[in-house]
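J.: Given next are the chains, with one letter for each unit.
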Amino acid sequence: MSNLKDFFGKKVKVINLGIPSFADDLKRQNVEVIHTDWRPPAGGNKKIQALLDKVETWQNKVNAAKGAK
Amino acid sequence: MVVSHLVKKQTYFDSVTLMLIGSQVKKLDGIENAVVGMCTDYNIDSLKRLDMYHPDFDSLTPNDLIIAIKGSDEKTAKAAIAEVETRLTSKKKSSESAQLVPTNQEAAAKQLADANMVLISVPGEYAAREARIALNAGRHAMLFSDNVSIEEELELKTLGTEKGLLVMGPDCGTAIINGVPLAFSNAVRSGNIGLVAASGTGLQEVTSTIHRLGCGITQAIGVGGRDLSEKIGGKMTIMATKALIEDPETKVIVLVSKPPAESVLKNLMSEIKNANKPVVIYFIGADPKLIEAQGFTAAKNLEDAAVQACKLSTGKSYEPEFSDAKIDEMSKKIKLPTGNLRGLYSGGTLCDEAQRILRTSLPEIYSNTPVKGCKDMKDVYKSEGNCIIDLGDDVFTRGKAHPMIDPDNRAQRMIQEISDKSVNMILFDVVLGYGSHTDMAGEMVEAINKGKKASGNNPVMAACICGTQDDMQGYSNQAAKLEDAGVIVFPTNVAMVKFAQKCLERK
Amino acid sequence: MLIDIKEANKKAFDAIQAAQPIIKGIGTCLDTVPGMKQNLILHAGPPITWERMSGPLRGAVMGALIYEGFAKTPEEAEKVAASDKIEYSPWHEHDGVGPMAGVASASMPVWIVENKTNKKCTYCTLNEGLGKVLRFGAYSEEVITRLKWMEKTLGPVIKAAIPFMPEINLKNMVAQVLQMGDEAHNRNKAGTSLLIRELAPAVIKTDFSAEDKIKVLEFVNSNDHFFLNLSMPAAKAILQSAEWIEGSTLVTTMCRNGTDFGIRVAGLKEQWFTGPAQIVKGLLFPGFEETDCNPDIGDSAITETCGFGGFAMAAAPAIVKFVGGVAGDAINYTKKMYEITEGESQSFQIPILDFRGSPQGIDILKVCEKQILPQINTGIAHKKSGIGQVGAGLVNPPMKCFEDALQAYVDKYCD
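Protein chains in written order, with the numbering used here: chain A, 1 to 69; chain B, 1 to 507; chain C, 1 to 415.
Heads up, a few of these hints could be off.
Label pairs and their computed distance ranges (CB to CB) [claimed, not checked]:
(1) C:W149 - B:T11: 52 to 60 Å
(2) A:G9 - B:N477: 31 to 39 Å
(3) B:R398 - A:E56: 32 to 40 Å
(4) B:L159 - A:K10: 19 to 27 Å
(5) B:P259 - C:K335: 51 to 59 Å
(6) B:T338 - A:K10: 55 to 63 Å
(7) C:I279 - B:S90: 34 to 42 Å
(8) B:L28 - C:K335: 30 to 38 Å
(9) B:N477 - A:K66: 57 to 65 Å
(10) A:E56 - C:E142: 54 to 62 Å
No more than 30 Å apart at the CA atoms, straight line, and that leaves these computed lysine-lysine pairs for BS3-like [claimed, not checked]:
(11) C:K10 - A:K46
(12) B:K110 - C:K11
(13) A:K46 - C:K269
(14) B:K110 - C:K336
(15) C:K119 - C:K152
(16) B:K251 - A:K5
(17) C:K336 - A:K54
(18) A:K47 - B:K48
(19) C:K336 - A:K46
Calculated from the structure, these hints are not laboratory results. All of these numbers come straight from a predicted model, not from anything done at the bench. By construction, the Cβ of each residue, glycine as well, lies at the ideal position given by its N, Cα and C atoms.
One chain only, chain A, in its complex shape:
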């Protein structure tokens, strides 16, 4: 478990999801930022989103088991 204090002083590198001007402002300050052309996952279909999340959770489990080997 890491401590928030250890993050202080580190270089902030940002992923921006949503309002583009937030990323523009960060770029202007030479902060490393990547803007995402975000759109609702699964076209806004919550049921499908939930299924895809289940698949991802399962794959995280699979990868973790691999890593543990």
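Use these hints to put chains B and C onto chain A, whose structure you have.
T.: The following block gives chains B and C in isolation, referenced to the frame of chain A:
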């Protein structure tokens, strides 16, 4: 009136971009209304309410874009649609010029492998999921988004505190982390003051004032308005404050928020009791004695929080930029006729602060967000009596971007208030910094001049500028524009409101 | 179970790249096709009963029953078709494919395509030509006569010719036609031309009468789409290599029976996921209207499933004239498909995209996540049997197929 529409399937833009374009196009000649938005339940309701709905929209999804225009005739409406398309294309071009623009967090992380902060301003119903993805990937999260449920907030903050990761928000508009201003923040020099706040504009006001007084900050951590509620228990406030206590760079800690729930206050106090450094606490509206009893420095208001923090930061003495004596002198020049005071705020905390200070000076104050001792406005769109209004409140931002981004609503209201013969004084805030409009002073001045010309009225105009000389809008430039238009300019909300108080006393 | 999806899909994709489908021969349906029976009618698309069949498929069934002698008249054929005398089964469940109605019966000659890499075979009828043909639901005397000629002459002549031809690798031939302006689904002119080039000398060498040989070559020559009935089983053979790799989310079947659209997924053995077949949107031949059109029909979507056909539209810009667009649209359609596929075909290269491999290996996860549907371009049949093709255009599967498949995948694998 004619309603024309255009549907663009599988074409997504964020709501702020769309609302701004809609707002601009609405101003074109012959256009009565413009709705530019994704096909969400909310926008469908709006279209129906405005009699702009069309059966073509029945089969659409939230990934499909609707452009609906109500204009004087078909030609005008269609021309407006074309104008919307032009503006959208130029937006899309600039975002597509980078070949591989990622469309989700996972893809973005592939391109910025060591990303450690995710700034989330997507619609509320998707925000918690994005925050969870961020935390599970070991990244801090800032949730600018609101409309996140308190249950989701609790889940996220529990996960965040387990991992030692920040969950700033929901509804967190301001943070400065490791010197990087995020979302709506000001250019503030670094120093040794660390802040934790449950209020965006509150944090902006305190940090800007600290900078103008010559001091600086280590961190300005926003925790969202509900953090210190019973349910959330102050999880982020406690984690952030503890980290600042342990941080060798931070010599003074400042906490700003609404008064916490009883149980939370107890918990918070016990956590920071053994802080080896001074803590300045401003619990908005709470009795300062409560805080002093615990051995902490209590601030009277946002300006005072900054002044106290600076004193503890350097050991030197500091005074508010406009002393009480100066404000008193300035008020002597004003002869206030009988009438009503109006406050037009973009920052909610500043609106609250004004109400708190003025409730001892005015018999009755109305607001759309009344504090204790003030009353609800009967009709938020029509001021009656003394009104201090938060134009950033939800009721005004349905389908319109926040007044710090889009000045249109406030400009219109300004003209309306000036036209009201009963109004003798108008107060307003101009918030500078990242995220905010590039020339808010100019926009307000244009509205003020319009209003004065059309009505012949000349109420006393006062404004406070929340910002620093390093902010990109140009602090002096903004102040000069206001002064040239006859607006009296103040460095803090407190100074401006005290001035109003003095003027009222003299009547 | 712990399965890495990336690994499973890579395994499936690699198997697809390794396939080498060749023309093996010609056989009679009853003797050659696994599970074939005298009273079994094979058809395109997912499983369907007589009651639910659309016009073109019904007409084709009736024609096949008359051809096989189960009935003497169309009226009688209808009665027999509805009775329990006749069984129906999708071509896909018998290692084969059929264009449009795709109806095949016991006596019909079929192509035999073999994947040399795994020795498995796939099958398809020979293409009858255009106009009033069985696959568009025609059952007139003319149709039956032609089918008999194909059984008695066309099939045997080509069967005899094949040993005289060099081995024809259909994957390579499809790769070639993509560089000649075909996409091997709706444009097959180049494919048929390349085929007849090999076929003609070999036919000459057989022992049949000159008249028969002439008729056979004229028949092939007069039908631009003759090659389609080889590109389809080739695609089937290629995709079959990925069946049924555990955990893979790649689509191995896309097909329609005129009523339903059906897909199958490599990691979901033999399960069908269906939804309503869509109305094709495109250009109609003069005299026809939207109300004349039958919903999407045929196994020919196997070409898109395999990374050519509509997925390689950028290689055949001429196709857009049929779908009412401009050449640039063809390129964009192909480009979009890269977002929902596993990789780029090592064999099918597209010249205008700098010889980039075509998008291959549709992934149901990507389709669901991005809400981008596979793009198919296809012919349109008249909804009444026997009238024939009325146009061509673009169509997609219904999203339901992919969403149902995703649900089944989660139910099976994700614990």
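J.: Please verify whether K119 of chain C and K152 of chain C have alpha carbons no more than 30 Å apart.
T.: holds (28 Å)
J.: Can you let me know if the beta-carbon spacing of L28 of chain B and K335 of chain C is within 30 to 38 Å?
T.: holds (36 Å)
J.: Would you mind confirming whether the straight-line C-alpha gap from K10 of chain C to K46 of chain A stays at or under 30 Å?
T.: holds (29 Å)
J.: Go ahead and decide if the range 54 to 62 Å is satisfied by the Cβ distance of E56 of chain A to E142 of chain C.
T.: holds (57 Å)
J.: For the pair supplied as a hint, K47 of chain A and K48 of chain B, is the alpha-carbon distance within the 30 Å limit?
T.: holds (27 Å)
J.: May I ask you to test the hint 32 to 40 Å on the CB atoms belonging to R398 of chain B and E56 of chain A?
T.: holds (34 Å)
J.: For a C-alpha distance cap of 30 Å, please report whether K110 of chain B and K11 of chain C respect it.
T.: holds (23 Å)
J.: Hint check: K336 of chain C vs K54 of chain A, CA-CA at most 30 Å. Holds or violated?
T.: holds (26 Å)
J.: Compare the distance between the alpha carbons of K336 of chain C and K46 of chain A with 30 Å, and conclude whether the hinted pair is satisfied.
T.: holds (24 Å)
J.: L159 of chain B and K10 of chain A, beta-carbon distance inside 19 to 27 Å?
T.: holds (21 Å)
J.: Is 34 to 42 Å respected by the C-beta to C-beta distance linking I279 of chain C and S90 of chain B?
T.: holds (36 Å)
J.: Could you grab the alpha-carbon distance between K46 of chain A and K269 of chain C and see if it respects the 30 Å cut-off?
T.: holds (27 Å)
Every hint from the earlier list agrees with this structure, and none is contradicted.
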